[in-house]
Amino acid sequence: MRNPLSSTIVNIKPSGIRKFFDIAAEMDDVISLGVGEPDFDTPWHVRDEGIYSLEKGRTSYTSNAGLKELKEEIAKFLKRRYELTYDPVKEMIVTVGGSEGIDICMRAMLDPGDEVLIPQPSYVSYEPCAILANGTPVIIELKAENEFRLTAEELEAAITPKTKLLVLPFPNNPTGAIMERKDLEAIAEVILKHDLYVLSDEIYSELTYTDNHVSICNLPGMQERTVLINGFSKSHSMTGWRLGYACGPEVIIKQMLKIHQFAIMCAPTTSQYAAVEAMRNGDEDVQEMKAEYNVRRKYLLKRFSEMGVDCFEALGAFYVFPCIKEFGMSSDDFATAMLKSKKVCVVPGTAFGDCGEGFLRISYAYTMENLKIAMDRFQEFVNELRENK
Amino acid sequence: MREKILTYIEKNSRIDIAELALRVGADEQTVLNELEAMEHERVICGYHTLIDWDKVGVEKATALIEVRVTPQRGMGFDKVAERIYNYPEVNSIYLISGGFDFMVIIEGKSLREVAQFVSEKLAPMETVLSTKTNFILKKYKDYGTILAKPAKDERELMN
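If you read the sequences in order, they're chains S and D.
According to my numbering, the stretch in the first sequence is residues 1091 to 1479, in order.
According to my numbering, the stretch in the second sequence is residues 9 to 167, in order.
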């Protein structure tokens, strides 16, 4: 029989997280700090609304781009939270999670040969999506000394005549880094100079622990060249509902909508009805969850500092990214050894890019109780390593 | 800061000073002092534990009793309430708006014991006009805590 597979797909590296997961899944009583989703249930009033929509029999397709009501609420949300103005009819699509938004954006914007700048360490999907969209990923390796923020110099150095799109994933998974206004202003200059486009993945925007999140779209000249991706997964704890949204210039959204129409039809109807409630009445829930994440964040940073493990102050998402270079082990080896001896599961930084070598991603989407136990074991492990040196 | 402390410890009375200090953004001594002050001022009136006695196999009967009274001259509601709450069997007593005056919560070892208390001690009180006793059959949620729920983490190990 012929080879059934596309060589493009075959050549894409499988997710680094998956490999580790398979090892961890074999063991009992593992405390995992490796999860990338909230530990809170979706707020009850949102679930209730979803259930009600099912009871009412609202089970048919919605319009392709999403429920009119939902898009209007999203527009209001973006306005009140981030002072962003988007036309809900022409400049917005409700997508199947932020994930679909990223995918269809790249597919709508890239021609073979177009280069996509992807800062790393970052979420595992950008590179494969770029490849699948016929683009050429160009990695920008971010540095710990810059708190894993993208600098204008790094950006400038990576640009070639073929560069079309810059992926901007902030607040960042796995580093927990954010880009503040001054950082965004610096790179906006470079973006404008080279007439680039931006895919801004702001899925963690509500989880910013310093001043309010600033989107690159808040800067002059940027909204017209940026596709903004956001959603409900991390802010409203709705990961399983598979719901997000993409906002951008009409001309791009129109083409993204084409792909969305043919490949997806529409995002899940139940989720959309639930999300209307989340947008209307969920602001308080988000702030409560964020406050709780913040306590945990401070706790982890404190513990790492006491342990003498180098960890920069993450100000976004729900991850910290400690450096374990002092122990002379690779991230993989460190994570595997800790899993085997202490039954604590963390994700090696290399799962998010080669420049994640020497780092670990620790998630704090867990109760304080769990974090305390996990950190105690982490401490034990570190002590043992230091003694044996 | 007081409100922050109180909001948290209302649901978590097993206080970890280090954690509390982290939560409210103050140092441990300040938090300790604040707690002491609030105890002194009777802002914090006690630290109790929420128990599901069914799981221990200990029988308890709890009744919510609607009491109508006639406050006598010189007595007023407060005095009547005092006479009622002095009984250790009385768990709670509230002055209520609406069709009756007090909501009295009694806890005893059995239905019988509670009914006995009502008929022998509560109803015969001079100022009490009438009582209506409702027994709790099942507690679903108490003091903001859902009792039946198992807290299982069903998420994938890593994603």
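Hints in this document: simulated from the structure, not taken from any laboratory.
These numbers come from a predicted model, not from an experiment.
All residues carry an ideal CB built from backbone N, CA and C; glycine is no exception.
The reader is advised that the hints may include incorrect statements.
Claimed, not checked - To spell it out: a stretch of chain D is covered by chain S in this simulated footprint if at least three of its residues, at any positions, have a beta carbon under 8 Å from a beta carbon of chain S; those stretches are: (1) 26-32; (2) 154-167.
Unchecked claim - To list a few chain S residues with every Cβ distance to chain D over 12 Å, as calculated: (3) I1121; (4) R1386; (5) G1398.
Stated by the list, open to error - Which residues of chain S face chain D? A partial, calculated answer using Cβ under 7 Å: (6) F1111; (7) V1125; (8) P1202; (9) K1388.
Results for each hint:
For the segment 26-32 of chain D, the proposed coverage by chain S is satisfied: 3 residues have a C-beta within less than 8 Å of a C-beta in that chain, meeting the threshold of three. Counting residues of the segment 154-167 of chain D whose beta carbon lies closer than 8 Å to any beta carbon of chain S gives 6, which meets the minimum of three for the stated coverage. Non-interface call for S:I1121 relative to chain D: violated, since the shortest CB-CB distance, roughly 10 Å, does not exceed 12 Å. Its closest Cβ contact with chain D, about 9 Å, brings S:R1386 to no more than 12 Å, contrary to its assignment away from the interface.
Residue placement check: S:G1398 keeps its beta carbon more than 12 Å from all beta carbons of chain D (closest about 19 Å). The beta carbon of S:F1111 is positioned within 7 Å of a beta carbon in chain D (closest approach about 4 Å), and the interface hint is therefore held. Interface restraint check for S:V1125: the shortest CB-CB distance to chain D comes to about 5 Å, inside 7 Å, so the restraint holds. Hint status for S:P1202: violated, given a least beta-carbon distance of 31 Å to chain D, over 7 Å.
Residue-level restraint check for S:K1388 holds (minimum Cβ-Cβ distance to chain D is 5 Å; threshold 7 Å).
This entry does not satisfy hints 3, 4, 8, going by the numbered hints stated previously.
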